[in-house]
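Trainee: Okay, here's what each chain looks like letter by letter:
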Amino acid sequence: MLKKYKPFLRAGAIDTMAYRFNILIWAGITVCEVACLVFLWLAVYRSSEGGMDAAIHGFSYREMIAYVVLTTIFNFVTYNNDTVWNINTDIKKGTVGNYLIKPISYRGKFAATSLGNLLTMTLMFGIPFYTAALVTLGSLGFLPDLSFPTFFAHLGLFLLAGLCASLLNDTISYIFGVLCFYTSSGWGLNSLKVTLISFLSGTLLPLAFFPAGLREIVNRLPFAGMSQNPILILMMKYDLAQSIRCVALTAAWIVVLELFAKLLFSHAVRKVTVQGG
Amino acid sequence: MIEVNELSKVFRKPIRGNGLSGMVKTLFSRQYEEVRAVDGISFTVPDGEIVGYIGANGAGKSTTIKMMCGILTPSSGSVRIDGIEPYRKRRQVAQHIGVVFGQKTQLWWDIPLIESFKVLKEIYQVSDADYKERMDFLGEVLDVKRFLSQPVRTLSLGERMRADLAASMLHNPRILFLDEPTIGMDVLVKEKIRLAIHALNKSYGTTVILTTHDMTDIEDLCSRIILLEKGAILYDGPLSKLKNRFGNLKTLTLTVPAEIRAETAPLLSPEVALSEEDGRLILRFDADNVPLEQVIQYAFRDLRAMDMKLAEISIGDVVKTILAQQEATDGQAVAQ
Numbered sequence: 001m002l003k004k005y006k007p008f009l010r011a012g013a014i015d016t017m018a019y020r021f022n023i024l025i026w027a028g029i030t031v032c033e034v035a036c037l038v039f040l041w042l043a044v045y046r047s048s049e050g051g052m053d054a055a056i057h058g059f060s061y062r063e064m065i066a067y068v069v070l071t072t073i074f075n076f077v078t079y080n081n082d083t084v085w086n087i088n089t090d091i092k093k094g095t096v097g098n099y100l101i102k103p104i105s106y107r108g109k110f111a112a113t114s115l116g117n118l119l120t121m122t123l124m125f126g127i128p129f130y131t132a133a134l135v136t137l138g139s140l141g142f143l144p145d146l147s148f149p150t151f152f153a154h155l156g157l158f159l160l161a162g163l164c165a166s167l168l169n170d171t172i173s174y175i176f177g178v179l180c181f182y183t184s185s186g187w188g189l190n191s192l193k194v195t196l197i198s199f200l201s202g203t204l205l206p207l208a209f210f211p212a213g214l215r216e217i218v219n220r221l222p223f224a225g226m227s228q229n230p231i232l233i234l235m236m237k238y239d240l241a242q243s244i245r246c247v248a249l250t251a252a253w254i255v256v257l258e259l260f261a262k263l264l265f266s267h268a269v270r271k272v273t274v275q276g277g
Numbered sequence: 001m002i003e004v005n006e007l008s009k010v011f012r013k014p015i016r017g018n019g020l021s022g023m024v025k026t027l028f029s030r031q032y033e034e035v036r037a038v039d040g041i042s043f044t045v046p047d048g049e050i051v052g053y054i055g056a057n058g059a060g061k062s063t064t065i066k067m068m069c070g071i072l073t074p075s076s077g078s079v080r081i082d083g084i085e086p087y088r089k090r091r092q093v094a095q096h097i098g099v100v101f102g103q104k105t106q107l108w109w110d111i112p113l114i115e116s117f118k119v120l121k122e123i124y125q126v127s128d129a130d131y132k133e134r135m136d137f138l139g140e141v142l143d144v145k146r147f148l149s150q151p152v153r154t155l156s157l158g159e160r161m162r163a164d165l166a167a168s169m170l171h172n173p174r175i176l177f178l179d180e181p182t183i184g185m186d187v188l189v190k191e192k193i194r195l196a197i198h199a200l201n202k203s204y205g206t207t208v209i210l211t212t213h214d215m216t217d218i219e220d221l222c223s224r225i226i227l228l229e230k231g232a233i234l235y236d237g238p239l240s241k242l243k244n245r246f247g248n249l250k251t252l253t254l255t256v257p258a259e260i261r262a263e264t265a266p267l268l269s270p271e272v273a274l275s276e277e278d279g280r281l282i283l284r285f286d287a288d289n290v291p292l293e294q295v296i297q298y299a300f301r302d303l304r305a306m307d308m309k310l311a312e313i314s315i316g317d318v319v320k321t322i323l324a325q326q327e328a329t330d331g332q333a334v335a336q
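First to last, the sequence lines map onto chains B and H.
Reminder that position 201 of the first sequence reads as 201 in this note's numbering, one-by-one numbering, no gaps.
Reminder that position 128 of the second sequence reads as 128 in this note's numbering, one-by-one numbering, no gaps.
Keep in mind that a hint or two might mislead.
The calculated lysine-lysine pairs, modelled on DSBU-like cross-linking and capped at a C-alpha distance of 35 Å, are [as the list claims (entries may be wrong)]:
1. H/Lys121 to B/Lys6
2. B/Lys6 to H/Lys104
3. B/Lys271 to H/Lys241
4. H/Lys121 to B/Lys92
5. H/Lys250 to B/Lys92
6. H/Lys241 to B/Lys92
7. B/Lys6 to H/Lys132
8. H/Lys118 to B/Lys4
9. H/Lys132 to H/Lys145
10. B/Lys92 to B/Lys271
11. H/Lys89 to B/Lys93
Under 8 Å between C-beta atoms, here's a sample of chain B residues computed to sit facing chain H [as the list claims (entries may be wrong)]:
12. Lys3
13. Pro7
14. Leu9
15. Ala35
16. Val38
17. Arg46
18. Asn98
19. Leu100
20. Lys102
21. Ser105
Chain H residues, not near chain B, derived (Cβ > 12 Å throughout) [to be verified]:
22. Ser42
23. Gln95
24. Arg134
These are calculated hints, taken from the structure and not from any lab test.
Beta carbons are placed, not taken as given, at the ideal position from N, Cα and C, and that holds for glycine.
Work out the full structure: start from the sequences and follow the hints.
Mentor: Printed below as a string of structure tokens:
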């Protein structure tokens, strides 16, 4: 039955390549962003009480720079689907009907497209960027000893966590997309999603910087698995047991949110009033 | 087999105020008005039938079609396609139906047509042998082979519609819903589309539900008509019976010498209405009451006809008359 979704997987993979110029511009912007963040953190550490040797919330300045560089690459490679926008367009133009009359699930179509995206992005940008970053950061001593075989176990868990993060992101995007059935406009919802994720996933700031009570909560929310946890697994800040727990938590969230998305869609679809004609 | 039972669809529309103050008010308190697009209709379509689903704009045709193919969920009542409600088991029903909305394409805009077909082949899990057979059949009846390699956006409207029809038939659906498939088409394309629908119905026994405003489509294709007005069924039955609803009406147009005028010409009987249009005489009568032979004799003998044209009342005229009558009764009801 999964074979039905092959064309969408393929389309997702090909589409990503079709807009390669767009992606190259994004890659350029991302490099600038990383540079800004690195200098920002350097300034923070320099003016902190302990100076450059200080550890702020458990992060030395070396670790913090490695964290910033790796999260940026991670977000660039993992999150590039347009699920919210695509659902919004389907609703606005009434093309959602085209999928409702086909023997495929609307959810499955987007999941397949996103996986296709992830595949291309990982092959085209992920492998070279991660390799370059790990080699550079490692040789500068910004990463702990990348010794075999522990590192490989972490690398494997990181890849698994990355896949989970991408799936989870698509699930959340899909939920926000389906909410467009009620609002008929995706702009606000998409902004809300982006803000929520970048704040609660540790992209802006590692979650260690949150007040203790809030941190406890945020660590159990699905968002931590979307940026911070995969990177801390890769940087071996988490031991293997904790890494496995993190991946399991994300996987559990995917199941829960998928169930929720299913319920939400079956309610929302009754609201469909295909526009025009 | 399609069973539609007491089917209704009510849309809730927010009533928006006028102007800026109205808009601000709408922001805080919303009133809704209910629009009954489809109002308690029932009918059954057996396998292999071609049904013309007709009515004025906004009569509820498209809404019914959308409920029958599972896009919309009814407010009350039910639709069953081979015993299954399409809006509940969407995917299961989708495998066996094909849908074309004349207003919108379902093909992927930017990719060559053949690629769209290949995607559909995978979505519907059509086997290689079936796919080849279908493509040969559709290539022939719809003549799509010439533009298979073109992106859909470069196709003309007629080509695109044929492509859309071919796409909807690719998985050999048991039921085909066509919502205005001939809208905006020229006569040749219309002809091709009609032939294709005929061929499909003949070769595969496909049930076809067709909405259209083109009465030639109906006369060429449909044995049965369902006439819808304001969400309710006005007529459901064979085409021939609808035509004879006002009797076996015929019109005889005569070219006559200049001195024969409608006002002064001798009348045959009060049942033959005589009028004049562009210098020609027009006789309207019910051939069941007044024998045709008698009228023709009268035309030659008393009106000295030099040429004549006999026409049946068109299905379009019948529908127009029914809708006009309905409107008149509604008008009276409102006045009371």
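Trainee: Return the numbers of the hints above that this structure violates; sort them in rising order.
Mentor: 3, 5, 6, 14, 15, 16, 17, 23
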